[in-house]
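> Can you make the complete structure from the sequences, with help from the hints?
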Amino acid sequence: MPLTLRSPAFEHHGEVPRRHTCDGEDVSPPLAWEQAPRDTRSLVLIVDDPDAPDPRAPQRVWVHWIVYGLAPDVRRLDEGASPGGLPDGAREARNDFGRTAWGGPCPPIGRHRYFFRLHALDVALDDLGPSAGRREVEAAMQGHVLETAELMATYERPAGAR
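When the letters of the sequence shown are read in order and numbered with the working numbering, they come out as residues 1332 to 1493.
Hints listed in this document are in silico derivations from the structure and should not be mistaken for laboratory results.
This structure is a prediction, so every number in the text was calculated from the model and none was measured.
Please note that a few of the clues may not be correct.
Unchecked claim - Distance windows between CB atoms, simulated:
id: 1; residue 1: E1481; residue 2: P1418; range: 20 to 26 angstroms
id: 2; residue 1: P1333; residue 2: V1454; range: 42 to 48 angstroms
id: 3; residue 1: A1470; residue 2: P1384; range: 24 to 30 angstroms
id: 4; residue 1: R1430; residue 2: A1470; range: 16 to 22 angstroms
id: 5; residue 1: V1454; residue 2: R1387; range: 16 to 22 angstroms
id: 6; residue 1: R1448; residue 2: Q1390; range: 32 to 38 angstroms
id: 7; residue 1: E1469; residue 2: R1406; range: 21 to 27 angstroms
Every residue gets a Cβ at the ideal spot worked out from N, C-alpha and C, and that includes glycine.
Structure, rendered in structure tokens:
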């Protein structure tokens, strides 16, 4: 069976609930996964938006959340796990908001896609330091990804919220 990632808060290809966005409480969503490969030593979660700033003319991929150092026996992140509620040993890397925490969807223009990717690694990642971001995490992951699971949801801000 392949590695699978899901959320009790939204369906694959569904909509991120307002509660988890800048228009709501901006709390990290609950996530759960199953079937990590047997040789998994750690897991990494990266959440990004490839549609920034405008889905009709994207210019960059915006990172919303990075969690690394998840132990292979961990099977979920509870709602509101970020900041301060991560499982033992897990760490957050800097997102494109400049924070080491969840940064919920807050698209300036149109409906954006949010990709939640969980990577099973054959190594345990060391503490990469407080300034580590996507580049440092992906460099540490290079050549060590056993399998990746993906969950995608969308969000568009209500009219007048921009």
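> Determine for every hint whether it applies to the structure shown.
Okay, the hints, checked on the actual structure:
no., hint, result
1, E1481 - P1418: 20 to 26 angstroms, "21 angstroms, holds"
2, P1333 - V1454: 42 to 48 angstroms, "20 angstroms, violated"
3, A1470 - P1384: 24 to 30 angstroms, "26 angstroms, holds"
4, R1430 - A1470: 16 to 22 angstroms, "21 angstroms, holds"
5, V1454 - R1387: 16 to 22 angstroms, "39 angstroms, violated"
6, R1448 - Q1390: 32 to 38 angstroms, "21 angstroms, violated"
7, E1469 - R1406: 21 to 27 angstroms, "24 angstroms, holds"
Against the hints set out earlier in the document, violations occur for numbers 2, 5, 6.
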